[in-house]
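J.: Here's the letter readout for the chains.
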Amino acid sequence: GQQVMQIPQYQHVQEGEDFTTYCNSSTTLSNIQWYKQRPGGHPVFLIQLVKSGEVKKQKRLTFQFGEAKKNSSLHITATQTTDVGTYFCAFRRGGADGLTFGKGTHLIIQP
Amino acid sequence: DARVTQTPRDKVTEMGQEVTMRCQPILGHNTVFWYRQTMMQGLELLAYFRNRAPLDDSGMPKDRFSAEMPDATLATLKIQPSEPRDSAVYFCASGLVTGSTDTQYFGPGTRLTVL
Chain A
113 GQQVMQIPQY QHVQEGEDFT TYCNSSTTLS NIQWYKQRPG GHPVFLIQLV KSGEVKKQKR
173 LTFQFGEAKK NSSLHITATQ TTDVGTYFCA FRRGGADGLT FGKGTHLIIQ P
Chain B
58 DARVTQTPRD KVTEMGQEVT MRCQPILGHN TVFWYRQTMM QGLELLAYFR NRAPLDDSGM
118 PKDRFSAEMP DATLATLKIQ PSEPRDSAVY FCASGLVTGS TDTQYFGPGT RLTVL
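Read top to bottom, the protein sequences are chains A and B.
Take 113 as the starting number for the first sequence in the working numbering and just add one per residue.
Take 58 as the starting number for the second sequence in the working numbering and just add one per residue.
Check before you lean on any hint, since a few could be wrong.
[Unchecked claim] If you only want the chain B side, here are some residues facing chain A, beta carbon under 8 Å, derived: (1) 96; (2) 102; (3) 105; (4) 122; (5) 145; (6) 148; (7) 160; (8) 162; (9) 163; (10) 164.
Just so you know, the hints here were simulated from the structure itself, not pulled from any lab data.
Here the structure is a predicted model, which is why all the values come from computation and not from measurement.
Even glycine gets a Cβ: it sits at the ideal position worked out from N, Cα and C.
Please construct the entire structure, taking both the sequences and the accompanying hints into account.
T.: Take a look at the structure:
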């Protein structure tokens with residue numbers, strides 16, 4: 113079935129450095145959502161992208177949806193210790209409401 | 058601040074026992090989802106309901122898992138009999154799914170350990 117690949121699986125950064133995670137699909141996606149899960153916590157919705165080439169910002173977070181709607185990225189500027197966690201991309205298959213999740217990128221920040 | 062609640066938060070049981078997990082969705086949400094999270098498989102959709110009617114349970118092992126929504130304030134996920142491979146965190150999520158919005162709000166999860 114339709115899947116997405118997320119890279120990298122793990123990312124170690126120094127506090128203050130930037131971080132980017134990528135989500136790639138071999139097929140066109142109708143939408144993409146991003147979630148954050150803190151260690152021991154539950155996924156928390158961050159944003160949804162629907163339009164080709166869409167770019168949305170939330171403070172230090174920038175989300176992009178590719179022109180072909182086959183890839184997406186999440187970029188965090190100047191990471192802080194509160195950014196620690198796993199970032200998942202997810203999408204809805206056409207006609208369905210349940211989400212298919214990528215495997216996530218674990219962000220580890222060294223102070 | 059409305060939240061999805063799940064009980065129990067932790068459950069340890071022995072192989073062969075019945076396990077029931079409960080979820081209270083956010084009031085007013087029309088769709089309830091069950092997901093399972095493991096290290097190996099990540100987050101997987103098990104089943105979901107719209108206005109209490111089951112719409113998709115293709116992700117669920119049919120022989121031992123069952124999901125129900127007896128009323129708008131309660132969704133249940135039952136495993137009978139449980140097996141060690143069922144050990145995982147089970148998340149319930151709810152959302153008001155319309156043509157333009159489908160944000161899902163996750164509960165804190167039930168961590169299940171089957172010995």
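J.: Hint by hint, which ones does the structure fall short of?
T.: 1, 4, 5
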